[in-house]
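Given the sequences, and given the hints that come with them, work out the whole structure.
Protein chains: 2
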Amino acid sequence: MIASCIICNSPYSMDTSPMRYSCECGGLLQLVQDFSGIDADQLKRCFYERRALRHTISASGVWRYKELIAPKLPEDHIVTRNEGNTGLYETESVRQFAGIRRLWLKAQSENPSGSFKDNGMTVAISHGRSLGYRGFACTSTGNTSSSLSMYAATGGLASLILVPDRDVALNKVLQTLAYGAQVRTFTGTYDDGIRWLDNHAETEGLYVCNSINPFRIEGQKSILFELAQDMDWSLPDWIVLPGGALSNASALGKGLHDLYELGFISKLPRVAVIQAEGASPFHRMIANGNVSLTPEQKPSTVASALNIGNPPSWRKARDVLQLTNGVTAAVTDEEIMQAKLHIDRSGIGAEPASAAAVAGLRKLVRDGTIHRDETAACILTGHILKDSDSLRSYRDIPDRIQQVQLAN
Amino acid sequence: MIASCIICNSPYSMDTSPMRYSCECGGLLQLVQDFSGIDADQLKRCFYERRALRHTISASGVWRYKELIAPKLPEDHIVTRNEGNTGLYETESVRQFAGIRRLWLKAQSENPSGSFKDNGMTVAISHGRSLGYRGFACTSTGNTSSSLSMYAATGGLASLILVPDRDVALNKVLQTLAYGAQVRTFTGTYDDGIRWLDNHAETEGLYVCNSINPFRIEGQKSILFELAQDMDWSLPDWIVLPGGALSNASALGKGLHDLYELGFISKLPRVAVIQAEGASPFHRMIANGNVSLTPEQKPSTVASALNIGNPPSWRKARDVLQLTNGVTAAVTDEEIMQAKLHIDRSGIGAEPASAAAVAGLRKLVRDGTIHRDETAACILTGHILKDSDSLRSYRDIPDRIQQVQLAN
Chain P
1 MIASCIICNS
11 PYSMDTSPMR
21 YSCECGGLLQ
31 LVQDFSGIDA
41 DQLKRCFYER
51 RALRHTISAS
61 GVWRYKELIA
71 PKLPEDHIVT
81 RNEGNTGLYE
91 TESVRQFAGI
101 RRLWLKAQSE
111 NPSGSFKDNG
121 MTVAISHGRS
131 LGYRGFACTS
141 TGNTSSSLSM
151 YAATGGLASL
161 ILVPDRDVAL
171 NKVLQTLAYG
181 AQVRTFTGTY
191 DDGIRWLDNH
201 AETEGLYVCN
211 SINPFRIEGQ
221 KSILFELAQD
231 MDWSLPDWIV
241 LPGGALSNAS
251 ALGKGLHDLY
261 ELGFISKLPR
271 VAVIQAEGAS
281 PFHRMIANGN
291 VSLTPEQKPS
301 TVASALNIGN
311 PPSWRKARDV
321 LQLTNGVTAA
331 VTDEEIMQAK
341 LHIDRSGIGA
351 EPASAAAVAG
361 LRKLVRDGTI
371 HRDETAACIL
381 TGHILKDSDS
391 LRSYRDIPDR
401 IQQVQLAN
Chain R
1 MIASCIICNS
11 PYSMDTSPMR
21 YSCECGGLLQ
31 LVQDFSGIDA
41 DQLKRCFYER
51 RALRHTISAS
61 GVWRYKELIA
71 PKLPEDHIVT
81 RNEGNTGLYE
91 TESVRQFAGI
101 RRLWLKAQSE
111 NPSGSFKDNG
121 MTVAISHGRS
131 LGYRGFACTS
141 TGNTSSSLSM
151 YAATGGLASL
161 ILVPDRDVAL
171 NKVLQTLAYG
181 AQVRTFTGTY
191 DDGIRWLDNH
201 AETEGLYVCN
211 SINPFRIEGQ
221 KSILFELAQD
231 MDWSLPDWIV
241 LPGGALSNAS
251 ALGKGLHDLY
261 ELGFISKLPR
271 VAVIQAEGAS
281 PFHRMIANGN
291 VSLTPEQKPS
301 TVASALNIGN
311 PPSWRKARDV
321 LQLTNGVTAA
331 VTDEEIMQAK
341 LHIDRSGIGA
351 EPASAAAVAG
361 LRKLVRDGTI
371 HRDETAACIL
381 TGHILKDSDS
391 LRSYRDIPDR
401 IQQVQLAN
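Chains P and R supply the protein sequences, listed in that same order.
Residues in the first sequence are numbered consecutively from 1, following UniProt numbering.
Residues in the second sequence are numbered consecutively from 1, following UniProt numbering.
By construction, these hints were calculated from the structure, which means they are not laboratory data.
Only a predicted model underlies this, so the values are computations on that prediction, with no experimental measurement involved.
Possibly wrong hints are sitting among the right ones.
Here are the simulated SDA-like cross-link-like pairs (lysine to any residue), alpha carbons at most 25 Å apart as the crow flies [what the hints assert, rightly or not]:
id : chain 1 : residue 1 : chain 2 : residue 2
1  : P       : Lys-66    : R       : Ile-6
2  : P       : Lys-267   : R       : His-55
3  : P       : Lys-267   : P       : Gly-99
4  : P       : Lys-267   : P       : His-55
5  : P       : Lys-172   : R       : Ala-52
6  : P       : Lys-172   : R       : His-342
7  : P       : Lys-298   : P       : Thr-185
8  : P       : Lys-66    : R       : Gln-403
9  : P       : Lys-172   : R       : Arg-345
10 : R       : Lys-66    : P       : Lys-298
11 : P       : Lys-267   : R       : Ser-22
12 : R       : Lys-66    : P       : His-55
13 : P       : Lys-298   : R       : Gln-403
14 : R       : Lys-66    : P       : Leu-88
15 : P       : Lys-298   : R       : Gln-405
16 : P       : Lys-172   : P       : Gln-338
17 : R       : Lys-172   : P       : His-342
18 : P       : Lys-172   : R       : Asp-198
19 : P       : Lys-66    : R       : Leu-88
20 : R       : Lys-172   : P       : Ile-401
21 : R       : Lys-66    : R       : Ile-6
22 : P       : Lys-44    : R       : Arg-45
23 : R       : Lys-172   : P       : Thr-185
24 : R       : Lys-172   : P       : Lys-66
25 : P       : Lys-172   : R       : Arg-45
26 : R       : Lys-66    : P       : Phe-35
27 : P       : Lys-172   : P       : Asp-41
28 : P       : Lys-66    : R       : Leu-53
29 : P       : Lys-267   : P       : His-77
30 : P       : Lys-66    : P       : Asn-310
31 : R       : Lys-44    : P       : Thr-203
Some residues of chain R that are not near chain P, with every Cβ distance over 10 Å (derived) [claimed, not checked]:
id : residue
32 : Asn-82
33 : Ile-348
34 : Tyr-394
Which chain P residues face chain R? A few, computed with CB under 8 Å, are given here [as the list claims (entries may be wrong)]:
id : residue
35 : Gln-42
36 : Arg-45
37 : Arg-54
38 : Thr-56
39 : Ile-57
40 : Gly-114
Even glycine gets a Cβ: it sits at the ideal position worked out from N, Cα and C.
This is the structure we're talking about:
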């Protein structure tokens, strides 16, 4: 398997350790796929038949699409947990709230660890294992770390999580600790943690699973593949997703590119990336027409999964906007929590970061960027149980709890 | 649809409101299924083909088996959330801990609301809706209430949850409140709540979704159906499950009966019901050879989902033990948490109640009731995120959190 630098195109082999995450020039790497010899119609039939399987890796909503993700990865190294296979819902109340003709919610929140990270993590962990790594690491306080430690535990592997000490709220890493991870806290930012891993992972024998890992991105393409297959290869006008580290935008864009190139889809949907106002360096870059990203030094939002000031994948995400004639928007914490209320009350439920996508869609419809007669799919990234603190903030809870006497 | 009393066999129509939950004689009702005209081989093929579908109710791991659950329920009343379709895992570390030749874990924890309750709830809510009900109620502090309120919200219906006030820990009902439920707290026990609902639901226009509802039981049969289908209709020697309200034992037993009668399976596995020692009235009844259940007045266990002193479905569960030559066991809170540690560290993860099944299996293997050369499946009932308090109790957490300096 070959990856190339997204800036200077230098190629790197991904088949031997040490694993590389970036080019000598500093650019991130992305996998180069060779789709020659693929018969799209035959593969579509194959993808359909595989949905009925349960005993093989095809039971996974990621590995079902192995030919388009990691065709040469040996099957016996794959660590899988039945990930993907998530629900696609048309919910009338959320559609009305967004103000658009048709709306689908793709609930990656239904993954085994409770977030969309599982789609990419199963591929990264499996690749690292194929290279002989026994220890896996990331910087995260949330969904990435619990996904990483779940897959590491499933594969009998070790996990190490770096957590900035100002963010170490025990309840955010409890799930990660339960799967058996080691946690190191440090004084510094998320970005300091990423830099340290980039510099020291090799000497510690660690395989890094943050979104700088190109296999994470390849795996996350499956979210788009499954959405497209569930919609019989006819995608809506818009795909709307939250933007934190921007791995989702990068991955879905690459997935769109793959499907279009192969002829699985005949039209590219437009992509809208929604950031939280308090952590919106990518939106500001696009809105201001800047050629490079200025990090947000003190990111702050209620949507903890979006609280990233220096998203490593901004170049990939920018390319996706160019490919799809995409847009960005930023929404306030209040708009996020208002959208979350509608998603929760619709029965689907989601963590605040997921709600940012719906809030952004509503904003883009209201300002006319998205026409009300168009159609859209929003990616819900995390489970309602992932951020119980945010559930406490519903102001009407006291009104809905009533003390009564039961006279039998 | 007809249900009959499990004590005196009196029949009741289930096709019109008001909904009935018990007979004049006090016995619970159970659905009477008419399987005449069913061709088992044809239906097996059909169940297989349906696994590939995504757009119809057959995408659900419950409604895929509609012919065996609620064949006459009109499809347009069905409220479904892609429930079931959960993973079946063979995990070496947990197998070694249990001490048995082969072990499968069926992870109902992967359901959309995070517990096995979804399998039955989708059927109960859909039936209530078909009778014209708009309000749905239960007594619960946990998994039942969040499942009920999720489905009610999905169907645009109202939900009312009764909670004994000594148990009203806000974090246990946050998920339920987020889906929009009304909560009434009262001074009394879980059993007082059930009795009040049985007496007052009709005047309040409420459809009751506790396990006394026979449609809950019919839906929960699908856990067994999916397990059997995933294992190519060849079940292990033992099925081991936790026992609280005993709806799981009742439902799986009825499912086994159905599959055996129809010829889907040629041999009945034995069923083991595991209770927590502090809430084990059913185990004590069986162990002491008593003919009726003496309620536990002050049930107490770390496994909150098993903290039930007067399980309504004890007669159904007793019949299942008779049908399958089944057994019971009780395990201590310490044994439960020890098993949970192994399940969590294996990457699967579960709430404490689920771990009781694995703890009980280990105990039954050690005392020779289950032979180490036999095979077993344990049903994991709730997601690791469902009971975050129990995650805090891991004593080694401080040893796994280390403050470091990052020298870049």
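Check: Is it true that the CA of Lys-267(P) sits at most 25 Å from the CA of His-55(R)?
Finding: Holds, because 22 Å separates the two Cα atoms, which is no more than 25 Å.
Item checked: Status of the hint placing Ile-57(P) at chain R (closest C-beta pair under 8 Å) -> This interface hint is violated because 13 Å lies over the 8 Å limit.
Margin query: Would the hint linking Lys-66(P) and Gln-403(R) be met if the CA-CA limit is 25 Å?
Written below: It is violated: about 40 Å lies between the C-alpha atoms, which goes past 25 Å.
Notebook entry, point to check: Asn-82(R): least C-beta distance to chain P exceeds 10 Å?
Noted result: 4 Å, violated
Notebook entry, point to check: Keeping to a limit of 25 Å between CA atoms, is the pair of Lys-44(P) and Arg-45(R) held or broken?
Noted result: Within the cut-off at roughly 22 Å; holds.
Item checked: Pair hint Lys-298(P) and Thr-185(P), alpha-carbon separation not exceeding 25 Å -> Status holds; Cα separation ~19 Å.
Checklist line | Restraint outcome when Arg-45(P) is required to lie within 8 Å of chain R by C-beta distance | finding: Since the shortest Cβ distance to chain R is 11 Å, the answer is violated.
Notebook entry, point to check: Given the proposed pairing of Lys-267(P) with Ser-22(R), does the C-alpha separation stay at or below 25 Å?
Noted result: Distance of about 57 Å is beyond 25 Å: violated.
Margin query: Between the alpha carbons of Lys-172(R) and Thr-185(P), is the straight-line distance 25 Å or under?
Written below: 29 Å, violated
Next item on the list: Would you check the hint for Lys-298(P) and Gln-403(R), treating anything up to 25 Å between C-alpha atoms as holding?
Entry: Holds: Lys-298(P) and Gln-403(R) sit about 22 Å apart, inside 25 Å.
Next item on the list: Assess, step by step, whether the Cα of Lys-66(R) is no farther than 25 Å from the Cα of Lys-298(P), and give holds or violated.
Entry: 54 Å, violated
Check: Between Lys-267(P) and Gly-99(P), does the CA-CA distance stay at or below 25 Å?
Finding: Within the cut-off at roughly 24 Å; holds.
Checked against the numbered hints above, the structure violates hints 1, 4, 5, 8, 10, 11, 18, 23, 24, 25, 26, 27, 29, 30, 31, 32, 33, 34, 35, 36, 38, 39; every other hint is satisfied.
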